[in-house]
Amino acid sequence: MHFIQPQCVLQHSQCIRLLLILNLNRCIKSMHTLKPLYPVGIVINSQQVLLLCDASLFLTQNHSECVITNIAIALYDYEAMHEGDLGFKKGDRLRILQESGEWWKAASISTGQEGFIPSNYVAKDTLETEEWFFKGVSRKDAERQLLASGNKIGSFMIRDSETTKGSYSLSVRDCDRTGDTVKHYKIRTLDNGGFYISPRNTFNTLQDLVSHYKKQSDGLCQSLTVPCLSPKPQKPWEKDAWEIPRESLKLDKRLGAGQFGEVWMATYNKHTKVAVKTMKPGTMSVEAFLMEANLMKSLQHDKLVRLNAVVTKEEPIYIITEFMEKGSLLDFIKSDEGNRVQLPKLIDFSAQIAEGMAYIEQRNYIHRDLRAANILVNKSLVCKIADFGLARIIEDNEYTAREGAKFPIKWTAPEAINYGSFTIKSDVWSFGILLTEIISYGRTPYPGMTNPEVIRALERGYRMQRLDSCPQELYDIMLECWKNKPEDRPTFEYLQSILEDFYTATESQYQQQP
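Under the UniProt record's numbering, the residue at position 505 of the sequence shown is numbered 505, and the numbers go up by one with no gaps.
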């Protein structure tokens with residue numbers, strides 16, 4: 001038998017604090033994870049002891065086993081939008097009844113109401129409820145977020161280590177002779193569960209570590225000021241809403257027209273802003289589209305435009321995706337705002353696209369039409385890859401035949417032009433062309449050349465020349481992408497790593513111990 005035994009009871013004006021001795025044989029394996037529990041109620045009967053506690057846990061103890069039940073804390077307000085949703089306020093405690101995908105079934109601790117909640121609006125681990133803790137953020141994304149407008153010198157985050165499982169890193173916004181920058185520090189762990197950056201100062205918890213470095217820099221580049229701003233995450237798409245009624249969409253504003261249809265800003269069910277691509281009748285078969293769309297739906301990554309839903313019961317087919325405020329990368333870099341973007345940010349755009357393509361590569365998928373017009377940009381200047389996979393199912397000879405006026409010859413690898421051989425390596429070739437679009441602020445590739453002239457030039461081994469504004473190191477990456485043999489071209493994983501560290505390849509990414 002395993003019992004929860006109070007060691008002592010301390011009366012306070014606001015709460016009762018119980019320090020507990022737990023028999024850990026069945027319940028908890030690691031001693032250093034234990035923290036004091038703050039009960040809000042105790043129920044005792046002949047069968048069990050139930051402790052309702054304020055440390056995000058239910059501990060239920062009966063004669064034979066110990067059960068730890070899921071409690072999550074709301075990180076943001078959420079207003080119920082769909083039938084069956086459960087609304088909540090930031091800080092509310094919710095008992096998780098069922099975890100499945102992006103929507104979890106939960107019950108409010110305060111009201112007892114049940115419903116579905118967006119899983120990215122809550123956190124189960126108490127550390128995740130700290131405003132300065134950013135779960136699953138990479139070093140590069142930490143830099144992007146800390147350097148975004150609204151943050152200041154000393155803004156910081158603690159994040160999971162990319163290299164050491166179970167460890168953490170501290171990222172701090174700094175300013176040096178080169179301008180605003182981000183410094184990274186490894187947070188090391190002690191055998192007893194404590195933490196330190198410098199062995200001179202050790203801390204029982206990460207909260208203690210943050211508190212110390214807020215008071216003084218003590219060897220860091222800056223003392224810590226405020227947590228990095230964290231915009232409310234995008235709500236998951238409505239549960240089970242894949243094929244949706246056409247009348248649930250209100251087309252608000254036409255954003256553009258392409259070869260195969262139009263793109264609209266729209267509102268779904270009067271509450272969610274989306275983008276809608278309307279496909280011209282006859283562009284593709286509904287059956288082929290649905291097969292491809294189901295594949296596309298399974299590809300989910302921060303650097304891929306999210307496919308939310310479709311309308312296919314009759315033509316025109318509608319493709320509903322997340323809304324990207326700045327439009328296509330091509331239009332953005334041609335705009336006044338885009339023209340003010342400096343080289344480091346252009347390189348960062350390239351790295352983001354390589355990251356998305358590395359995910360597509362890892363999933364053994366192919367884009368087939370990678371160019372700046374098919375990259376979208378949101379208000380935070382995050383680049384996301386759009387229209388992946390659509391090229392394969394378009395039934396328009398003007399697009400699918402190399403002689404067709406719509407065929408994107410200037411972005412297409414020679415083996416794909418000549419033999420229809422599309423692979424991830426032909427996408428790498430296209431990525432090299434996309435780099436020329438970015439560095440030139442949207443210039444059409446092979447300026448002054450017609451499509452037939454480009455084909456003949458490529459057969460002679462011609463490659464675009466380096467622009468004066470293009471660093472030699474970036475041009476070398478382009479030439480790697482344009483190797484004649486597909487197998488000689490780099491992987492997107494490699495391209496991502498080299499572009500993410502374009503300016504820091506010769507420097508240590510992490511600061512030495514202070």
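Calculated from the structure, these hints are not laboratory results. Remember, it's a predicted structure, so these values are computed and weren't measured experimentally. Please note that the accuracy of each hint is not assured.
Label-pair restraints from in silico Cβ distances [unchecked claim]: (1) K334 / K214: 21 to 27 angstroms; (2) K214 / T164: 22 to 28 angstroms; (3) G166 / E487: 23 to 29 angstroms; (4) Q362 / T126: 15 to 21 angstroms; (5) G166 / S223: 23 to 29 angstroms; (6) V286 / G448: 40 to 46 angstroms; (7) T164 / Q113: 17 to 23 angstroms; (8) G87 / S380: 25 to 31 angstroms; (9) K273 / Q342: 40 to 46 angstroms; (10) Q207 / Q362: 31 to 37 angstroms.
Each residue gets a CB set at the ideal place from its N, CA and C atoms; glycine is no exception.
- Is the gap between the beta carbons of T164 and Q113 within 17 to 23 angstroms? violated, 41 angstroms
- With 23 to 29 angstroms as the target window, see if G166 and E487 comply at their CB atoms. Violated, at about 38 angstroms.
- Task: Mind checking the hinted window 21 to 27 angstroms against the Cβ distance between K334 and K214?
- Result: violated, 44 angstroms
- Do Q207 and Q362 keep their Cβ atoms within the hinted range of 31 to 37 angstroms? holds, 36 angstroms
- Query: When you take the CB atoms of Q362 and T126, is the distance between them in 15 to 21 angstroms?
  - Reply: violated, 32 angstroms
- Go ahead and decide if the range 22 to 28 angstroms is satisfied by the Cβ distance of K214 to T164. Holds - the Cβ-Cβ distance for K214 and T164, about 25 angstroms, lies within 22 to 28 angstroms.
- Query: That 40 to 46 angstroms hint for K273 and Q342 (C-beta), does it hold up?
  - Reply: Distance hint for K273, Q342 is violated at roughly 30 angstroms.
- Message: Verify the CB-CB distance for G166 and S223 against the hinted window 23 to 29 angstroms.
- Response: holds, 27 angstroms
- Task: With respect to the beta-carbon atoms only, verify the hint that G87 and S380 lie 25 to 31 angstroms apart.
- Result: holds, 26 angstroms
- Task: Starting from the hint 40 to 46 angstroms, judge whether the C-beta atoms of V286 and G448 obey it.
- Result: holds, 41 angstroms
Comparing the model with each earlier hint shows violations of hints 1, 3, 4, 7 and 9; every other hint is respected.
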